[in-house]
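Given only the sequences and the hints, what does the whole structure look like? Please build it.
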Amino acid sequence: MGLSRQEIEGVAHLSRLELTSDELDKLTDQINTLLEHFIKLQELDTADVEPTSHAIPVYNVFRKDEVRPSLLPEEVVANGPIVADNCFVVPRVVET
Amino acid sequence: MPDELYRLTAHEIADLIHCRKVSALEVARSFNTRISDVDPKVRSYITLTPELAEQQAIAIDEAIERGDEIPTLAGIPWAIKDNMNTRGIMTTCASKILDGYKPVYNATVVDRLAKDGALTLGKANLDEFAMGSSTENSGLFVTHNPWDLDKVPGGSSGGSAAAVSADECAFSLGSDTGGSIRQPASFCGVVGLKPTYGRVSRYGLIAFASSLDQIGPLTKDVEDCALVMNSICGKDQMDSTSLDIPRPDFTKSLRNDVKGLKIGVPKEFFAQGTDPDVEKSVMDAIELLKSLGADWKETSMPNVEYGLPVYYIIAPAECSSNLARYDGVRYGLRSTKSTDTIAMFQHTREEGFGPEVKQRIMIGTYTLSAGYYDAYYLKAQKVRTMLRRDFEKAFEEFDVLITPTSPTVSFGIGEKTHDPMAMKLADVCTIPANLAGIPAISIPCGFKDGMPIGLQIMGKSLDEETMLRVAYTFEQNTQFHKARPNL
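Chains as they are written, first to last, in the working numbering: chain A, 3 to 98; chain B, 1179 to 1665.
To be clear, the hints were calculated from the coordinates, so they are not data collected in a lab.
C-beta: ideal position from N, C-alpha, C; glycine also.
One should not assume that every hint holds.
Here are the computed distance ranges between Cβ atoms for each label pair [claimed, not checked]:
#1 C89/A / F1625/B: 53 to 63 Å
#2 E1483/B / T22/A: 30 to 40 Å
#3 P53/A / T1514/B: 39 to 49 Å
#4 R1567/B / H15/A: 35 to 45 Å
#5 H15/A / M1461/B: 22 to 32 Å
#6 H15/A / R1503/B: 12 to 22 Å
#7 K1445/B / R7/A: 52 to 62 Å
Within a straight-line C-alpha distance of at most 25 Å, the following computed SDA-like cross-link-like pairs (lysine to any residue) qualify [to be verified]:
#8 K1594/B / I33/A
#9 K1594/B / D24/A
#10 K28/A / I1520/B
#11 K1445/B / P1480/B
#12 K1571/B / E52/A
#13 K1293/B / V69/A
Okay, the calculated bits of chain A under chain B, using three or more residues with CB under 8 Å as the criterion [stated by the list, open to error]:
#14 7-14
#15 19-28
#16 36-48
#17 53-60
#18 65-78
#19 84-95
Right under this line is the structure:
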């Protein structure tokens, strides 16, 4: 009961990937193969087991609230593909 | 002698510099020449910084001339895996999506090594975003194993491992999410150490799977490993997961003595698919340690067999989240195919990411999506807890655990690229240490058909010292680490 090609297209959309038809075919096969390997985990009873999100849990990490040097605005935008007036230029996102 | 400086270990070079037998500049030039000679064949480096290394060397020599006290790693040339930020120096992650990216800040490890006087030779190749086990997933080019140029160097820190093995640097840094330092160290016949999670700051390491990633050294011997660990470990305000605990002096662990130490040998790490010659070398190594006074016993860690599926759920889930930032807005590539915002993101990511990265983003997005989260991601996190408990239980009885680093030696370039599962099996012995957060080291312990075999020693959480002591003792009583490829 694997994922259909259409479901894979849905995942590609969520992933913000504009995949080619050939890529969708390949990924459908590959992802279904991997999902079959994941079924093995269902053998284990984990009802009373706490999940691990970090191997070495660290809680409540605070630092002093003090002013420290930071990047200059022109450094922050230095790597932008398109930049104007220290801002990143992106396609229009609001209606006119 | 200056011609052959590149063959020396970091501690040997440091001794020569400290007693003024050679200058840092002679060292830098020796390595730069070596790189020009062999890198066209090996292709360890994405970016070279020969002028920077020489400038740094001149500054060290001037400090020596003035009679200043110089730091331990002064004049030691090193290579950086190209997923760590270097200010003003192109940082690619071996991905087209970071096209033209020049970081405006250094990773903490880069600052620490610069402060300790190490010389920056360049940025080493890797599997794109550190996803892979052969460096064949590099979006730029393939790195070759210095022992056999038709074989892979392992991965994902393949460039870092090949550079050390080919004497193209004295040491390097890699990052290890599921074995990416230890497995290439094993394939290239060098030492590779993954520290306890939290020992080393990840600030400036381009994130793949944040709960698993850890930076560590690749070196020519265990002593060098201790020296580099002394430089890179410690709390960093910029990484809240770095641990606020004192750093031991790791060179104090360099003792040729394993008397009374208890070694556990978990049978699940020798499962089907382990090359009999690899198994024999590892068992010979364990017997040698026994003859030197250690005890060993077989043990069982029943949940280790679930390590691979747990890892291939957790790592892609974290990857899909971390790699959401590559959208063509703030750095790197932006597709010119569309003027619509969402389509701009989609085309940029389609053009910029390679096939392995896309596959992992897709798996992670799926396993985290509504309705599937509990069955995959949460389940994997719970099994991760069970696996951690296996380690806790084993370490009640044993001081270290010893296994192969990889079930096989290096394989041919192109041999496994068509089978996604076959490649992933290369990490079966290394993944458990990442899931448990414990330290692990790979050291050379033999050869099969001319290709190096790696011995993995795993230690208790935050007990790199005992692990290093076992590794050092093995090294002092064998010659494997002295073998170098003919290039």
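Check: Do three or more residues from the stretch 7-14 of chain A put their C-beta atoms closer than 8 Å to C-beta atoms of chain B?
Finding: Holds: 3 residues of the stretch 7-14 of chain A have a Cβ under 8 Å from chain B.
Checklist line | Assessment of proposed distance window 30 to 40 Å (beta carbons of E1483/B, T22/A) | finding: Since the Cβ atoms of E1483/B and T22/A sit about 36 Å apart, the hinted range of 30 to 40 Å holds.
Margin query: Tell me whether the statement that chain B covers the stretch 19-28 of chain A is true, taking a Cβ distance below 8 Å and needing three residues at minimum.
Written below: Coverage by chain B holds here, the residue count being 6 at a Cβ distance below 8 Å.
Margin query: Against the range 22 to 32 Å, how does the distance between the Cβ atoms of H15/A and M1461/B compare: consistent or not?
Written below: Violated, at about 51 Å.
Item checked: Cβ separation of P53/A and T1514/B, checked against the hinted range 39 to 49 Å -> holds, 43 Å
Note to self: Does E52/A sit within 25 Å of K1571/B, going by the straight-line distance between their CA atoms?
What the structure shows: holds, 17 Å
Next item on the list: Closer than 8 Å, Cβ to Cβ, for at least three residues: run that test on the stretch 36-48 of chain A against chain B and report holds or violated.
Entry: Satisfied; 8 residues make the cut.
Next item on the list: Between the stretch 53-60 of chain A and chain B, see if three or more residues pass the 8 Å beta-carbon test, and mark the coverage as holds or violated.
Entry: holds (count 7)
Next item on the list: For the pair we were handed, K28/A and I1520/B, check the Cα-Cα distance against 25 Å.
Entry: holds, 24 Å
Next item on the list: Please test the hint of 35 to 45 Å on the beta carbon pair from R1567/B and H15/A.
Entry: Roughly 39 Å apart at Cβ, these two residues keep to the hinted range, so it holds.
Check: So the hint says 53 to 63 Å: do the beta-carbon atoms of C89/A and F1625/B match that?
Finding: Between C89/A and F1625/B, where Cβ atoms are some 58 Å apart, the hint holds.
Next item on the list: Measure nothing beyond the straight line between the CA atoms of K1594/B and D24/A; if it is 25 Å or shorter, mark the hint as holding.
Entry: holds, 20 Å
In this structure, the hints that do not hold are numbers 5 and 7, in rising order.
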